[in-house]
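Undergrad: Residue-level listing of the chains:
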Amino acid sequence: MNNYKLIHKLIVKLTTSLILSLLAINVIAKDYLIKNATVHTASEVGVLNSTDVLISDGFIMELGKNLSGNSNVEVIDAKGQHLTPGLINANTQMGLVEISAASSTVDHTTEQEGVGASFNIAPAINFRSTLIPQNRINGLTRAIVVPGFGNSIFAGSSSAIALLSDMTGMISENIAQHVLYGVSGAEFNGGSRAAAHMALDKALEDANYLRHNRRRFEPGFESHFSLSIADLDALKPVLERKIPLIINVHRSDSIIRMIALAKKHNIKIVLQGASEAWVVSNEIARANVPVIIDPISNLPNSFSSLSSRIDAASILHNAGVKMVFTGMQSTHNGYLVRQSAGNAVSHGLPAEEALKAMTINTAEVFGIKNYGQIKVGMEADVVIWDGDPMEVTTNAEQVFIKGQKQPMVSRATRLRDRFWDLNDNKNKAYVK
Amino acid sequence: MHRGVLPLPLKKHLRFFFLLFLMTSLIACQSDDASKADQQKQSQAFPSTYISAPSKAFVIEHATVLTGTGIEYRDASVLVENGLIKAVGNNFFIPADVERIDGSGKWVTPGIIDVHSHMGVYSSPGIESTQDGNEMTAPVTAEVWAEHSVWTQDPAMPLALAGGVTTFQVLPGSGNLIGGRGVTLKNVNAKNVQAMKFPDAPHSLKMACGENPKRVYGNKGRAPSTRMGNVAGYRMAWIKAEEYLAKWDKYTESLGSKKELDKPARDLQLDTLAEVLRGNILVHNHCYRAEEMMVMIDIAKEFGYKISAFHHAIEAYKIADVLAKENICSAVWADWWGFKHEAFDHVRENAAMVHNAKACAIIHSDSAIGIQHLNQETAKAMAAGNKNGLSIEVKDAIAWITSNAAKAIGVGDKTGSLKENMMADIVIWSHNPLSVYAKAEKVFIDGVLTYDRYDSEFQPVSDFDLGIIDPEGVRL
Chain E
-10 MNNYKLIHKL
0 IVKLTTSLIL
10 SLLAINVIAK
20 DYLIKNATVH
30 TASEVGVLNS
40 TDVLISDGFI
50 MELGKNLSGN
60 SNVEVIDAKG
70 QHLTPGLINA
80 NTQMGLVEIS
90 AASSTVDHTT
100 EQEGVGASFN
110 IAPAINFRST
120 LIPQNRINGL
130 TRAIVVPGFG
140 NSIFAGSSSA
150 IALLSDMTGM
160 ISENIAQHVL
170 YGVSGAEFNG
180 GSRAAAHMAL
190 DKALEDANYL
200 RHNRRRFEPG
210 FESHFSLSIA
220 DLDALKPVLE
230 RKIPLIINVH
240 RSDSIIRMIA
250 LAKKHNIKIV
260 LQGASEAWVV
270 SNEIARANVP
280 VIIDPISNLP
290 NSFSSLSSRI
300 DAASILHNAG
310 VKMVFTGMQS
320 THNGYLVRQS
330 AGNAVSHGLP
340 AEEALKAMTI
350 NTAEVFGIKN
360 YGQIKVGMEA
370 DVVIWDGDPM
380 EVTTNAEQVF
390 IKGQKQPMVS
400 RATRLRDRFW
410 DLNDNKNKAY
420 VK
Chain W
32 MHRGVLPLPL
42 KKHLRFFFLL
52 FLMTSLIACQ
62 SDDASKADQQ
72 KQSQAFPSTY
82 ISAPSKAFVI
92 EHATVLTGTG
102 IEYRDASVLV
112 ENGLIKAVGN
122 NFFIPADVER
132 IDGSGKWVTP
142 GIIDVHSHMG
152 VYSSPGIEST
162 QDGNEMTAPV
172 TAEVWAEHSV
182 WTQDPAMPLA
192 LAGGVTTFQV
202 LPGSGNLIGG
212 RGVTLKNVNA
222 KNVQAMKFPD
232 APHSLKMACG
242 ENPKRVYGNK
252 GRAPSTRMGN
262 VAGYRMAWIK
272 AEEYLAKWDK
282 YTESLGSKKE
292 LDKPARDLQL
302 DTLAEVLRGN
312 ILVHNHCYRA
322 EEMMVMIDIA
332 KEFGYKISAF
342 HHAIEAYKIA
352 DVLAKENICS
362 AVWADWWGFK
372 HEAFDHVREN
382 AAMVHNAKAC
392 AIIHSDSAIG
402 IQHLNQETAK
412 AMAAGNKNGL
422 SIEVKDAIAW
432 ITSNAAKAIG
442 VGDKTGSLKE
452 NMMADIVIWS
462 HNPLSVYAKA
472 EKVFIDGVLT
482 YDRYDSEFQP
492 VSDFDLGIID
502 PEGVRL
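Residue numbers (the working numbering), protein chains in the order written: chain E, -10 to 421; chain W, 32 to 507.
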């Protein structure tokens, strides 16, 4: 290669990176000053009346009264409106499913033998999914993306995403490991909870042995473990307490068993589903174990959840349990975590606690940095609501993710607009 | 909860004697009415034995009253006597001896109605034996009746009552083209389904479009496996029903004449379909897509029946003008979408857009969780429309789960609105019902206090709930 070519290549490279960096600046450089909002901070300072929030370079730069921004700041008057951190749903399959009954669009579960704990769904997350804008315009700005259960009691590891329509939405992968215990977990283990318990205990034991004797089991060696080497390797960060083990469990006695198992293996666990958690709320609080619940889910769906009740969140809170919320129905309506939270409030949970359970608590449990509060230095995931954020008649007015003002448009709003005026609908199928 | 037995309200006595008279006179009648007697025999099968408990006269005062018919009264009263609504409004005479309930700060609505429930046929807890809602052994099973699957002790029923639900229609599932008869029940604790059956409510016929039947039967390697196969399936069924109906009509005509025909053999499946063609059974059609709804409307015209409501009508907003013209209700969800391809074109404004086109909008649940919060689902659907520029008021939107729902299941002249002589199915709410903070505080069915949030004596407990966790307690 001659010098000329080398220099040319260098110039192209430099120009490209310059353009890219300029583009990047253009994307995040715009500042927004939101004035006079009722700010629900989800932090120790609680709710601030008539307060301004300055968003700059993707972050919350200032929080206070009578703020002013630089000359190119876009000012948004939010008088009479409410402002919260963007919400997060702790149990979704966002980006892993487009149409549940169209198998070619579903990537959340594998039936592959020997792939359980080692299943990492991150590469399959589709940021151009229509579910992302539909949830985004309804106030959900982040999601925990969780694998489904295939042939193993371990589903695999989850990811955290921001609800952006490109891969900048990827935040972190391998943030937690998921396991199924109890009514369905038993199905993978000879039809008995006791067998499921044994399998989980053995898996953790084997993983721990492997962790300390890894060299003996290089590829080519025959393993005599309860799970594949890859699955046991995947449990290493759980045993090192780097990520939590999320246990899907409902029955109160099973919950106690799981707390004991966590103690035995010295791992961090989180209870998910946990219909009967309120029954043993003091034990859960003592063990410092967070729970992921859908507060609206009060049906005795199974014999493992006979004690389900609508005010469980309030009972858990009073016992000092850290709560993280998910919502009813499917990932498609992941934003309904807000309605579930509203019902928890309606049944006794303080509104600020409900907000934390779909913002900062989730961030803490899943190790997501710089998100979950309206606080200087946090990434600016912000929602302006046209009313009480817990109320079902309230809608999102404007959504920001990482400081970017989001278009309040989804495929659904496009369809709505196309058919809004049926008299003016002639040949609409052929125009935008 | 029924306590003690006291004389029935006069009206109910009369109805009972009238039916008795009808039955005996039909039996006595030999010729012209013989066929009618056969029809009567069908409709008298498994008759409702629901009898409301005796109720004292009472008045709810100083409440905000939503009648379900588009009227909102402030600081108003609702007077109930003999299980019926006697007066509603601001200005009427209240007898001195009636019990007075202070409704200050409260809101009053008709009892909430769910037109799409599977309580009792897909009961909680969901186990092998509770899968009773879908006879997926043939694509047309018009012969099955949902009421014969109903487990009256489904613990979801009292939960729905706490959400203000006084009436619900139990439908068979959607795995079949024609899934069978649905039944309308009063949300009362009873030992048998007959004692829950809404008096004189028509049966319904559950039909299903689209993906479910074609998937279920396509996977079995038989018809239908396509949407066009679905349509052929409906039409073949209706052709048989027409023939059956004609056979019976001819037989009826021949009675008393010189050439009296032999009585046709009874066919349980065609009995149901013929009753639809006679206009005695209302069609409730699970149908998502605009295309399929339009095809179903044409099938109804071809065979001369009427579709009462499209259920899960995800794309109703696309054809709301047609649905208004055809007088077909759209029973929809506020948010559900995307679980199937046919549920992909959901808009949150669906109910509001249907309403705005002056068509009949209904919010339904299809869920034992959703049924507990139909007020919230309605609130979301209303707010979504208003956010985009409509101005639907609470007094109008409440019709989506009261009067419109009642109309669709053929009981609009009995319940679903607070008007004189309607059944006193009433909810007293703590707040504006279209709010997450609203709780049903008192629920009356036929004037009987059936649920009271603050009095455990009036919180029904199903047999299942009894001693299920704590031998000495109840589930909740």
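It is worth saying that the hints were derived from the structure and are not from the lab. From a predicted model like this one, the values you see are computed outputs, not experimental measurements. Ideal Cβ placement from N, Cα and C applies to all residues, glycine included. Misleading hints may appear alongside valid ones.
What the hints assert, rightly or not - Here are some of the chain W residues that sit facing chain E, going by a computed Cβ distance under 10 Å:
#1 Y275
#2 L276
#3 Y348
#4 E488
#5 Q490
#6 P502
To be verified - Which residues of chain W face chain E? A few of them, derived with a C-beta cut under 7 Å, are:
#7 F89
#8 V262
#9 A410
#10 K411
#11 L497
#12 V505
#13 L507
Undergrad: Next item in the hint list is A410 of chain W. Is there a CB on chain E closer than 7 Å to its CB?
TA: At about 4 Å, which falls below the 7 Å cut-off, the nearest Cβ of chain E leaves the hint on A410 of chain W intact, so it holds.
Undergrad: Can you verify the interface hint for L507 of chain W: is its Cβ closer than 7 Å to any Cβ in chain E?
TA: Since the shortest Cβ distance to chain E is 6 Å, the answer is holds.
Undergrad: Should the interface hint for P502 of chain W be scored as holding, given a Cβ-Cβ cut-off of 10 Å against chain E?
TA: Since the shortest Cβ distance to chain E is 13 Å, the answer is violated.
Undergrad: Let me know if the C-beta of K411 of chain W comes in closer than 7 Å to any C-beta of chain E, holds or violated.
TA: holds, 5 Å
Undergrad: Please check whether V505 of chain W passes as an interface residue: C-beta within 7 Å of a C-beta belonging to chain E.
TA: V505 of chain W check fails; min Cβ-Cβ to chain E is 11 Å, beyond 7 Å.
Undergrad: Once the shortest beta carbon distance from V262 of chain W to chain E is found, is it less than 7 Å?
TA: Violated - the Cβ of V262 of chain W stays beyond 7 Å from chain E, reaching only about 20 Å at its closest.
Undergrad: Next item in the hint list is Q490 of chain W. Is there a CB on chain E closer than 10 Å to its CB?
TA: This interface hint is violated because 13 Å lies over the 10 Å limit.
Undergrad: Does L497 of chain W pass the interface hint, meaning its C-beta sits closer than 7 Å to a C-beta of chain E?
TA: violated, 12 Å
Undergrad: Given Y275 of chain W as an interface hint, is its Cβ closer than 10 Å to any Cβ of chain E?
TA: This hint is violated: Y275 of chain W lies away from chain E, its Cβ roughly 35 Å from the closest one there, beyond 10 Å.
Undergrad: A closest beta-carbon separation below 10 Å is what the hint needs, so does E488 of chain W meet it against chain E?
TA: violated, 19 Å
Undergrad: Grab the minimum C-beta distance from L276 of chain W to chain E and call the hint holds if it beats 10 Å, violated otherwise.
TA: Constraint on L276 of chain W not satisfied, violated at 37 Å.
Undergrad: Are Y348 of chain W and chain E close enough, Cβ to Cβ, to be under 10 Å, as the hint says?
TA: Interface hint status for Y348 of chain W: holds (5 Å vs cutoff 10 Å).
Checked against the numbered hints given earlier, the structure breaks hints 1, 2, 4, 5, 6, 7, 8, 11 and 12 and satisfies all the rest.
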